[in-house]
Amino acid sequence: SVCGYFINSSSEAIMITDANSKIMWINKTFTEITEYTKSEVVGKTPSILKSGRHDKVFYNNMYLNIKKNGFFKTDIINRKKNGDYYTESLNIKTFYDNQKKVKYYLAVFSDISYLRKFEKDLKQELHLSKRVQHLILPQKSLDTDKVDVYSIYKPMSSVGGDFFDFFEIDQEHIGIFISDISGHGISAAMVTTMVKAFIESADNFLYSPPFLLDYLNQKILPLKGEMFLTAIYGVIDIKNNKLIMSRSAHP
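In this note's numbering, the protein residues as written are 1239 to 1489.
It is worth saying that the hints were derived from the structure and are not from the lab.
Where is the CB? At the ideal position from N, CA and C, for every residue including glycine.
Any given hint might turn out to be false.
[Unchecked claim] With a cut-off of at most 30 Å between alpha-carbon atoms, the simulated DSS-like pairs for lysine-lysine come out as follows: (1) Lys-1338 <-> Lys-1306; (2) Lys-1339 <-> Lys-1288; (3) Lys-1266 <-> Lys-1361; (4) Lys-1331 <-> Lys-1266; (5) Lys-1477 <-> Lys-1378; (6) Lys-1276 <-> Lys-1266; (7) Lys-1331 <-> Lys-1282; (8) Lys-1477 <-> Lys-1434; (9) Lys-1339 <-> Lys-1306; (10) Lys-1276 <-> Lys-1378.
[As the list claims (entries may be wrong)] Restraint ranges, calculated between C-beta atoms of paired labels, are given here: (11) Lys-1361 <-> Lys-1276: 56 to 62 Å; (12) Lys-1361 <-> Lys-1480: 44 to 50 Å; (13) Lys-1361 <-> Asp-1475: 40 to 46 Å; (14) Leu-1459 <-> Asn-1299: 51 to 57 Å; (15) Asp-1313 <-> Val-1385: 54 to 60 Å; (16) Trp-1263 <-> Tyr-1352: 22 to 28 Å; (17) Ser-1379 <-> Asp-1475: 17 to 23 Å; (18) Phe-1296 <-> Tyr-1388: 48 to 54 Å; (19) Phe-1296 <-> Phe-1402: 44 to 50 Å; (20) Tyr-1352 <-> Lys-1260: 28 to 34 Å.
Sequences are here, hints too, so could you generate the full structure?
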């Protein structure tokens, strides 16, 4: 039938069990994900997929919710026929007969292992970007008795593009730089690292905020990709008691 064709061609795995949780039918995607064929699972229970990664409390909670509510949704780690573990997004629905007795259970699931791996990799990347970011921030206050510079830094948990610096250009001038790279992660942290490196090599432009920002623009623009940079640079003229400042941003 048309209905059967679409069910069997679904991108999600489908499994139907009887009231005793014995498998009655599976679709093609079930086999593609688990590597078990219909002849290998029909008549058996879904426990054939158990990975051993969940305790009795997890399964008891699942069974109680199915019995009480008639459905359950969760992420679960199961095991394929070849022994490989995979994470699936699982939905279970109970169907009843006219006497309101359980007729069968319908389970629909998809393999989301790649999503969990992506989340894990992203978490590691954000942790690395946070370390990179802290390494390029000022590690100590300015050693000068002519002006006091204070700073406070409160980043979000996901960081990578926030940056500030202050430095003594000479005995009469202090530079203060603040910038933000759009986005977060190691790519934003690396662009920020390049910004710091370009500033440290821009001796001829440090006295002039507009010249420094123009210099950074020429250096960063070819490298920033889809990200954009917002920056403020100011020079404190201690002798004349002045602050010269410029700001800029990429659209």
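Exercise. Taking 30 Å as the top limit, are the C-alpha atoms of Lys-1338 and Lys-1306 close enough?
Worked result: holds (13 Å)
Exercise. Is the gap between the beta carbons of Asp-1313 and Val-1385 within 54 to 60 Å?
Worked result: holds (55 Å)
Exercise. Okay, Lys-1361 versus Lys-1480 on CB: inside 44 to 50 Å?
Worked result: holds (46 Å)
Exercise. Holds or violated: are the alpha carbons of Lys-1331 and Lys-1266 at most 30 Å from each other?
Worked result: holds (20 Å)
Exercise. CB of Leu-1459 to CB of Asn-1299, is that within 51 to 57 Å?
Worked result: Given range 51 to 57 Å: holds, Cβ gap about 54 Å.
Exercise. Is the Cα-Cα distance between Lys-1339 and Lys-1306 30 Å or less?
Worked result: holds (13 Å)
Exercise. Is it true that the C-beta distance of Tyr-1352 to Lys-1260 lies inside 28 to 34 Å, as the hint says?
Worked result: holds (31 Å)
Exercise. Do Lys-1361 and Lys-1276 keep their Cβ atoms within the hinted range of 56 to 62 Å?
Worked result: violated (38 Å)
Problem set entry | Pair hint Lys-1477 and Lys-1378, alpha-carbon separation not exceeding 30 Å | holds (23 Å)
For this session: Could you say whether the range 48 to 54 Å given as a hint is met by the Cβ separation of Phe-1296 and Tyr-1388?
Result: holds (51 Å)
Exercise. Straight-line Cα separation of Lys-1276 and Lys-1266 no greater than 30 Å?
Worked result: holds (9 Å)
For this session: Given the hint that Lys-1276 pairs with Lys-1378, test it: the Cα-Cα distance must not exceed 30 Å.
Result: Violated - the C-alpha atoms of Lys-1378 and Lys-1276 are around 67 Å apart, more than 30 Å.
Against the hints set out earlier in the document, violations occur for numbers 3, 10 and 11.
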